[in-house]
Amino acid sequence: MPTLRFLCLHGAGTNSDIFRLQFDPISEELRKDNSATFHFIDGEEDSGPGPGIDGLFEGPYFSFYAWPRTCNSEDEKAVENAYELIYATIGQEGPFDGILGFSQGATLAFQFLSQHAKRFPYDLPNAVFRCGVFICGPPPFRVISGKPVCDEDLGKIRIPSLHIQGPYYSEGQGEYHGYRQSYQGVKL
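All letters in the sequence shown, in the order written, are residues -5 to 182 by this note's numbering.
By construction, these hints were calculated from the structure, which means they are not laboratory data.
Hints may contain errors.
Unchecked claim - Only pairs whose alpha carbons sit at most 25 Å apart, straight line, appear in this in silico BS3-like list of lysine-lysine:
1. K71 <-> K150
2. K71 <-> K112
3. K26 <-> K71
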């Protein structure tokens, strides 16, 4: 079986080195038998440290866009820039078999796949990635009047995906229901 290649997106307020260290126990097992390799990239927005990061890991800290998102045009431009970063990485370092994200990286990965399907409706479902892995990522949302609101305008993703949520994560059930709405009617 050929080795799978994954593009990896870190969480807000961290960086690719931090995510590589956090993910190393899993990636090490998958590298042992050449099951998978991982390519980590940094977000382009300077950021303060994410929750639980300050004091444990040195910066610099990055995000892919402001977190949480609001409804202003600067946020939308930053999200578009993050999509372009992914496309550029695919062009320079790809192809990749899958996209894997943690927290904000998981949300961005889902958003990217969804917007790609909408922008290029005649592409095969696996034109850019054959699978997605989303770890502890909230569904795409915006903050309106101080409350998170799911992005209902995003389309469905059309590739096999794995969504991992920890039981300790208080928003886990709400995120599950938000993703579930995004997948209604999808059969894999």
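Here is what the structure says about each hint:
At roughly 22 Å between alpha-carbon atoms, K71 and K150 fall within 25 Å of each other, so this suggested pair holds. At roughly 18 Å between alpha-carbon atoms, K71 and K112 fall within 25 Å of each other, so this suggested pair holds. The suggested pairing of K26 with K71 is violated, with an alpha-carbon distance near 40 Å, which exceeds 25 Å.
The structure fails to meet hint 3 from the earlier list, while all remaining hints are met.
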